[in-house]
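Enquirer: Each protein sequence line maps, in turn, to chains A and B.
In terms of UniProt numbering, the first sequence has 466 at position 466, counting the first letter as 1, and numbering is strictly consecutive.
In terms of UniProt numbering, the second sequence has 8 at position 8, counting the first letter as 1, and numbering is strictly consecutive.
Rather than coming from a laboratory, the hints here were simulated on the basis of the structure.
Don't be surprised by glycine CBs; every beta carbon is placed ideally from N, CA and C.
One thing to keep in mind: the hints can contain errors.
[Claimed, not checked] Partial chain B-side listing against chain A, Cβ under 10 Å, derived:
no., residue
1, Tyr6
2, Val10
3, Leu12
4, Ala16
5, Leu19
6, Leu26
7, Arg27
8, Glu32
9, Asp33
10, Ala37
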Amino acid sequence: MSCCAPGAEMALDLDSGTSVLPSSQEIKLASRSLGDGLSQTDLSVPTVHCAACIQAIETALGKLDRVESARVNLSTKRVSVQWRGDDVPPLVAALGRLGYQAHLFAPEVDEEDKTLSELIRAVAVAGFAAGNIMLLSVSVWSGAEGPTRDLFHWVSALIAIPALAFAGGIFFRSAWNALRHGRMNMDVPIAVGVSLAYAMSLYETINHGDHAYFDASVSLLFFLLIGRTLDHVMRERARTAVKGLSQLAARGAMVVRGDGARDYLPIGEIEPGMQLLIAAGERIPVDGKIIRGSSDLDCSLVSGESTPRTAAPGESVQAGVLNLTGPLTVQATAAAKDSFLAEMVRLMEAAEGGRAHYRRIADRVSALYAPVVHLTAFVTFLGWMAATGDWHRAMTIAIAVLIITCPCALGLAVPIVQVVAARRLFENGIMVKDGSAMERLAAIDTAVFDKTGTLTLGQPRLINASSIDPAMLAIAADMAAHSRHPYSKAIAGFAGLAGRPKLESVSEHPGFGIEASAAGSTWRLGRRGWAGWKARTGGEGRHGHGGTVLTKDGIIVATFDFEDALRADARAAILELRDAGVSVEMLSGDTAGACGKVAEILNIDSFVPALLPSGKVEHIETLAKAEHKVLMVGDGLNDTPALSAAHVSIAPATAADIGRSAADFVFLRESLLAVPLAVDISRKAGSLIRQNIAIAIVYNAVAVPIAILGHVTPLIAAIAMSASSLLVIGNALRLQGFVASAPAQDARRDRRARVDQLAQSS
Amino acid sequence: MTTLVYLIPVALFLGALGLAGFLWALRSGQYEDLDGAAERILIDRDDKPDL
């Protein structure tokens, strides 16, 4: 069981105050009924990773009351639980006791999964047909004649029908769609080539001809379907991995009615004027005004400001803010659809980024390729008609041209490279949304970073730990363990083993700090003005926000200084980007002072502080107008419009939900080196794609004249097609070859990261 | 020629059997958790028959 120390590594990444455990009402809203009083709940458990985890979770959940069954899916890191009755069994608590954090994820749309299984079934059918027809064709090529050859052709024709209907349907539909909208895509020449080849072969078979292209038409489908399925699997995997992370938007809220009754309502049904109870640790679901209670609010996702804000009655709060310390009663001032979050979504949709105009390399090539191919085949037909007047011969040769030029290698050229590249990125903890993102990333020349949560972790770090009396630090850490305020969490990390008085009656005063009594004295940890009531420094000192102090009976015994911790390797990442010829800028909603400090440490020349979300978009649009291809890296809700305005975007896994879905890449690990790595791999993939397309074009330049001259038989077509496809695949796999040097590089980076950290902490 | 008349159907039938097997496995969820299936063989079940 030693392999299972769940939470150890993930806790660092995700348990950063931003992850909120779902309440049982939320789980209930997210579960679906199976009938007979049976309900099913799917939870995402990102830390499950071995047989022991599976067994521990399934046994523990199975033992709970009313739980019918629990089954872990290790591939998707999810557990699905079936339970009876009205109340949700304490699933999350049970998982928590085992050390696993559970999250709800957005309800799945089954659409995507259907596409995948349809593709796999199509590959299976096409593979079966291609294999069998190829066997029959080989015997024809090796000399079967007369009635035997006819028999083989007939059998092949029969086998090809289901393959064309089922597997080919995917291409026919897509080609038809493109044509109907007056566009050309890769599927048009495929559909035309395959169906013409089949029709001609059928005609040949009926007339006892020598050459039938059943094998070519079906194996073409087979190869192309493989490319398409790989492409789909890659995107699917990224999607589920990203969705499996914690859900940041509130799903519903506890509403207090006029008569005091409490209802848990889904977020869509909350109307302005309703009073909502927000417990400590919950996210505020809609914009509102605080009417009771005081607390500290974490606005980092909303405004990019890293220091928690004190909240008192009368203040307004925005949707997406995390309530940290005390319960609040909030009066909704806007429905969910008019709240801050929804406004961000609208801004995001309005921001028309580079990607809207971007056309994938494959599409650009095929837009040229398809007309050329069709024209060549047509001209060949006319030429042979004019030369010989034999329409049957002219037709046969024209179809041979179509088959030999069918973009088999071209269809594989792009997806195969992207799949290999995506796999490399995946191994390094980076998810790619789709292939076009890599093509766009390869082209960037400017990288724009958000500060809070991206360059920094958005969590404070204690910077003067070494100058504080260890005994005092230990007491402070003990007290801090009782609070979820980010400062407390930073202090709690310094819990020591030194003997210390046992704390009694620890209580948290939202907005102020923590109070505890030990060995007859009163200890307070919190704001200077509140904790040090006997101190003479008077209220707000040089530390701003009153500073954070530890007091014993009102006398200050320790002062704590915090700094927003930089993300691991931020400096190295920016250096690497510079080396790659990318200029780096920083945009932030935070104050100029905070930005200047970070910019200085990281050696960033240009930064713009105190920006509103729309300001970030404008800045990016200005850059885009100056012909720059901009990469945006950001995590907050306030970055989301900028993420979609940029040419390409990257978000850390800790980003807000809509930020993650707006970004093209999501990196799961803490290190910011993911950004230069993604750029590097995308650029390598880009050059491999161009090589592959060149290979496919060279192949055509050689094969097409032979086909036009009428020397192509089905045997030659089969060999040429397979050879070019294998060549393209082999070239794509060279990207895997670069991996060999990666682990060594990683180790070096890790070491450097540790040195960096040491340097910072001393 | 006569051998072909039954050998080809036999070959196709066997191939189709394999295809049907694959489609069945796909439909019944055998491919949904490949990593899990690999790890699950390490779990000792309590319901082992008594010897």
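Enquirer: Is the interface hint satisfied for B/Ala37? The criterion is a beta-carbon contact with chain A at less than 10 Å.
Expert: holds (8 Å)
Enquirer: Should the hint that B/Glu32 touches chain A count as held when the rule is a Cβ pair under 10 Å?
Expert: holds (7 Å)
Enquirer: Are B/Leu12 and chain A close enough, Cβ to Cβ, to be under 10 Å, as the hint says?
Expert: Holds, about 6 Å.
Enquirer: Should the hint that B/Arg27 touches chain A count as held when the rule is a Cβ pair under 10 Å?
Expert: holds (8 Å)
Enquirer: Please verify that hint: B/Asp33, Cβ, nearest Cβ of chain A, below 10 Å or not.
Expert: holds (4 Å)
Enquirer: Regarding the hint that B/Val10 lies at the interface with chain A, is the smallest CB-CB distance below 10 Å?
Expert: Given a least distance of 12 Å, the restraint on B/Val10 is violated.
Enquirer: Do the numbers back the hint for B/Tyr6, that is, is its least Cβ distance to chain A under 10 Å?
Expert: Since the shortest Cβ distance to chain A is 13 Å, the answer is violated.
Enquirer: Quick one, is the B/Ala16 hint okay against chain A at 10 Å, beta carbons?
Expert: Interface hint status for B/Ala16: holds (7 Å vs cutoff 10 Å).
Enquirer: For the restraint on B/Leu19, tell me whether the closest CB of chain A is nearer than 10 Å.
Expert: holds (4 Å)
Enquirer: With chain A as the partner, please determine if B/Leu26 meets the hint condition of a C-beta pair closer than 10 Å.
Expert: Hint holds; B/Leu26 Cβ to chain A Cβ min 6 Å, cut 10 Å.
Checked against the numbered hints above, the structure violates hints 1 and 2; every other hint is satisfied.
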